[in-house]
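Residue numbers (my numbering), protein chains in the order written: chain A, 1 to 115; chain B, 1 to 149.
Mixed in with the good hints, there may be bad ones.
[Stated by the list, open to error] For lysine-lysine, the following DSSO-like pairs were computed, each having C-alpha atoms within a straight-line distance of at most 30 angstroms:
| hint | chain 1 | residue 1 | chain 2 | residue 2 |
| --- | --- | --- | --- | --- |
| 1 | B | Lys26 | A | Lys54 |
| 2 | A | Lys90 | B | Lys100 |
| 3 | B | Lys67 | A | Lys54 |
| 4 | B | Lys125 | B | Lys63 |
| 5 | A | Lys72 | B | Lys80 |
| 6 | A | Lys82 | B | Lys26 |
| 7 | A | Lys90 | A | Lys72 |
| 8 | A | Lys72 | A | Lys54 |
| 9 | A | Lys63 | A | Lys90 |
| 10 | A | Lys63 | A | Lys82 |
[Unchecked claim] Listed next, the stretches of chain A that the computed footprint assigns to chain B, with coverage defined by at least 3 CB atoms under 8 angstroms from CB atoms of chain B:
| hint | region |
| --- | --- |
| 11 | 4-12 |
| 12 | 48-58 |
It should be emphasised that the hints constitute simulated quantities derived from the structure, not laboratory data. C-beta: ideal position from N, C-alpha, C; glycine also.
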Amino acid sequence: MIVDDSNIIRRKIERCNDHNVFFVVARASNGEEAFRQFQIHRPTVVTMDLTMPKMDGLDCIRKLVELDQNVKILVVSALSDKATGIQALKNGAQGFLCKPFSDEQLVQALLELVN
Amino acid sequence: MTEDVLQVFIDGVVRFFQHTDDDSVKVGTPYLSENSNPEAFDVTGIIGISGPYRGCVYFTAPKIFVKHLLLSMGEQDTRKEYIADLVGEVANTISGNARKAFGHEFMISVPVIVEGAPNSINLPKHLLSYVIPIYWKTYHSAVVICLEN
Chain A
1 MIVDDSNIIR RKIERCNDHN VFFVVARASN GEEAFRQFQI HRPTVVTMDL
51 TMPKMDGLDC IRKLVELDQN VKILVVSALS DKATGIQALK NGAQGFLCKP
101 FSDEQLVQAL LELVN
Chain B
1 MTEDVLQVFI DGVVRFFQHT DDDSVKVGTP YLSENSNPEA FDVTGIIGIS
51 GPYRGCVYFT APKIFVKHLL LSMGEQDTRK EYIADLVGEV ANTISGNARK
101 AFGHEFMISV PVIVEGAPNS INLPKHLLSY VIPIYWKTYH SAVVICLEN
């Protein structure tokens with residue numbers, strides 16, 4: 001599942017998956033929508049933006065992990081300070097990729113996440 | 001605002017364009033601008049800043065600039081909504097990256113997008129803004145920093 005309030009970034013993340021390493025089951029533009037979509041589709045991997053309307057990424061990570069402790073969450077965010085990264089990991093994310101990112105960096109981060 | 005603070009945002013601009021298919025971006029000499037007449041092109045993405053610094057950071061560009069930026073990121077669809085989306089994302093990325101230098105107390109909002117006339121951007125009249133000119137391909141855009149602490 002791809003979660004980002006930018007449609008451009010959601011589409012960029014989806015294009016990176018041109019080797020069909022992953023199958024995108026859902027997309028969401030805020031934390032609330034992500035929480036609803038997660039309950040329906042139960043994705044195994046989530047890319048998660050942090051700065052979003054309605055419910056931000058840090059809260060959303062915590063709620064998704066409450067539902068499924070095995071979900072693998074890669075934060076994809078422009079917030080590049082250490083404290084935010086550490087908080088995301090504390091909330092249950094397993095990886096952090098800072099925007100801007102290349103296709104190769106994203107694919108590498110996702111593969112590291114699942115392996 | 002110190003030179004070091006401005007440099008954080010200049011570095012953010014360069015970092016963003018390094019991830020396009022044409023990383024030959026040039027950053028012009030920053031200059032001060034009166035907030036009564038804000039620098040603005042066709043479309044602008046504004047990020048509100050709170051915490052130790054207060055104000056806003058915005059990215060403003062002509063539509064043709066943003067269309068080419070979309071294409072350079074591999075996005076073939078250059079519809080109006082995507083142009084607005086991308087200026088917000090540029091402003092968000094540059095502001096978010098600044099937290100590496102300023103820490104997590106440098107709080108950023110979600111982007112607000114405005115189109116057209118400069119008078120639709122409301123800036124505090126008692127402050128000045130720093131304008132960072134950006135030259136990319138044959139186009140000109142700007143990142144504008146209006147912060148007080």
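| message | Between the alpha carbons of lysine 67(B) and lysine 54(A), is the straight-line distance 30 angstroms or under? | response | It holds: about 29 angstroms lies between the C-alpha atoms, which stays within 30 angstroms.
| message | Tell me if the straight-line CA distance from lysine 72(A) to lysine 80(B) falls inside 30 angstroms. | response | Distance ~34 angstroms between lysine 72(A) and lysine 80(B) Cα, so the pair is violated.
| For the pair supplied as a hint, lysine 63(A) and lysine 90(A), is the alpha-carbon distance within the 30 angstroms limit? | At roughly 13 angstroms apart (the allowed maximum being 30 angstroms), lysine 90(A) and lysine 63(A) satisfy the hint.
| query | Quick one, are lysine 26(B) and lysine 54(A) close enough, alpha carbons at most 30 angstroms? | reply | violated, 37 angstroms
| request: Take the C-alpha atoms of lysine 90(A) and lysine 72(A), compute the straight-line distance between them, and say whether it is at most 30 angstroms. | output: holds, 13 angstroms
| Per the coverage rule (Cβ-Cβ under 8 angstroms, at least three residues), is the region 4-12 of chain A covered by chain B? | Since 7 is at least three, the answer is holds.
| If you look at each residue in the region 48-58 of chain A, do at least three have a Cβ nearer than 8 angstroms to any Cβ of chain B? | holds (count 3)
| When you check the alpha-carbon spacing of lysine 90(A) and lysine 100(B), does it fall within 30 angstroms? | holds, 19 angstroms
| task | Below or equal to 30 angstroms on CA atoms is what counts here, so check lysine 125(B) against lysine 63(B). | result | With a Cα-Cα distance of about 27 angstroms, the restraint between lysine 125(B) and lysine 63(B) holds, given a limit of 30 angstroms.
| field | 30 angstroms limit on alpha-carbon distance, applied to hinted pair lysine 72(A) and lysine 54(A) | value | At roughly 22 angstroms apart (the allowed maximum being 30 angstroms), lysine 54(A) and lysine 72(A) satisfy the hint.
| said: Holds or violated: lysine 63(A) and lysine 82(A), Cα atoms, limit 30 angstroms. | reply: Since the Cα atoms of lysine 63(A) and lysine 82(A) sit roughly 22 angstroms apart, the hinted pair holds (cutoff 30 angstroms).
| said: lysine 82(A) and lysine 26(B) were given as a pair; does the straight-line alpha-carbon distance stay at or below 30 angstroms? | reply: holds, 29 angstroms
When the structure is compared with the earlier hints, violations turn up for hints 1, 5 and for no others.
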